[in-house]
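Quick note on numbering: my numbering labels position 87 of the sequence shown as 87, and the sequence is numbered without any gaps.
It should be emphasised that the hints constitute simulated quantities derived from the structure, not laboratory data. C-beta: ideal position from N, C-alpha, C; glycine also. Worth double-checking, as some hints may not be accurate.
As the list claims (entries may be wrong) - Cβ pair distances, simulated, as ranges:
hint: 1; residue 1: Lys179; residue 2: Ala207; range: 32 to 42 Å
hint: 2; residue 1: Ser29; residue 2: Lys179; range: 47 to 57 Å
hint: 3; residue 1: Gln52; residue 2: Gly162; range: 52 to 62 Å
hint: 4; residue 1: Gly250; residue 2: Glu222; range: 19 to 29 Å
hint: 5; residue 1: Asp115; residue 2: Ala17; range: 34 to 44 Å
hint: 6; residue 1: Ser56; residue 2: Ala207; range: 26 to 36 Å
hint: 7; residue 1: Pro143; residue 2: Gln180; range: 18 to 28 Å
hint: 8; residue 1: Phe262; residue 2: Glu177; range: 18 to 28 Å
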Amino acid sequence: LATSVLAASALSRGGSAAQQQEHLPRIASGALLATLAIDEGPKHRPLHTQMQAVRSGNGFRLSGAKALVVDGHVADLLIVVARSAGSPGERDGLTLFLVDPKARGVAVERTVMVDAHNAARIVFDQVEVDADQVLGEVDGGAPLLEAVLNIGRGAVASEMLGLTEEVFGRTVTYLKERKQFGKAIGEFQALQHRAAQLYIDIEITRAAVLKALQALDADVTEAAAAVAVAKARAGTTATRAVQEGVQMHGGMGMTDQFDIGFFMKRARVCEEFLGDANFHADQLARLRGY
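Please model the entire structure based on the sequences and the hints provided.
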């Protein structure tokens with residue numbers, strides 16, 4: 001996701017001919033791992049970027065820190081979002097930079113997320129970046145960033161949909177196999193109702209995700225709203241699915257013998273990655289003029 005979706009999308013949409021020629025073939029061949037360094041705290045708030053990019057000679061000097069950079073500990077290339085003008089919270093003033101993680105002043109600390117996937121905290125201490133390493137427009141990186149993030153959100157929503165379907169399938173199978181009081185627990189109406197409601201939620205989520213992906217493919221103006229709906233809906237449905245899955249598995253759902261707990265951990269990471277349901281509900285409200 002970090003390389004083939006986020007980084008590749010950023011380079012293909014905003015990169016110069018030279019940048020694309022240098023990096024995209026290596027991404028396609030698997031020779032280059034790249035990632036997007038955007039979040040600075042526990043929550044996804046891209047417009048609240050505080051990391052500074054100050055003009056210096058023929059380029060910029062970057063200072064600040066990024067948190068939860070997916071695959072940041074192994075990346076060969078960082079696409080860093082920094083504020084070159086304006087104040088945190090403003091849409092204008094963001095610039096994207098291509099940064100070598102081995103450059104002087106870059107410190108990478110490997111971290112582990114709750115689902116055991118790796119991320120990194122990266123500190124930039126007066127890191128010098130040449131002007132030809134700017135991705136897109138100086139001070140005008142927000143449109144490019146938003147387009148790339150929406151593509152990533154569509155991909156994450158798709159993963160959550162697949163995760164939810166797998167959890168649902170495993171849970172229904174368990175309801176058919178687990179015996180209690182002389183019959184399968186799936187015969188109890190209360191559990192049937194819960195499974196039926198979850199199935200309805202999954203189908204609604206599927207429709208939302210498909211609409212978002214179609215809008216992204218068509219590159220229509222409604223894509224941002226469709227993605228916000230899909231990411232929010234996929235997050236809430238995945239959360240409900242893993243919670244119901246653990247509960248319907250009973251005590252076994254809390255053990256590592258069953259994979260339901262691992263799905264719960266992954267769902268939690270995906271829910272937060274690139275904005276949780278509350279973030280996207282706010283996004284949709286703003287897009288609709290509220």
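Hint check results:
1. Lys179 <-> Ala207: 32 to 42 Å: Hint holds: Cβ distance 36 Å, inside 32 to 42 Å.
2. Ser29 <-> Lys179: 47 to 57 Å: Hint holds: Cβ distance 53 Å, inside 47 to 57 Å.
3. Gln52 <-> Gly162: 52 to 62 Å: 39 Å, violated
4. Gly250 <-> Glu222: 19 to 29 Å: Once the Cβ atoms are compared, 43 Å apart, the range 19 to 29 Å for Glu222 and Gly250 is violated.
5. Asp115 <-> Ala17: 34 to 44 Å: 38 Å, holds
6. Ser56 <-> Ala207: 26 to 36 Å: With Cβ atoms ~50 Å apart, the hint is violated.
7. Pro143 <-> Gln180: 18 to 28 Å: 56 Å, violated
8. Phe262 <-> Glu177: 18 to 28 Å: Since the Cβ atoms of Phe262 and Glu177 sit about 20 Å apart, the hinted range of 18 to 28 Å holds.
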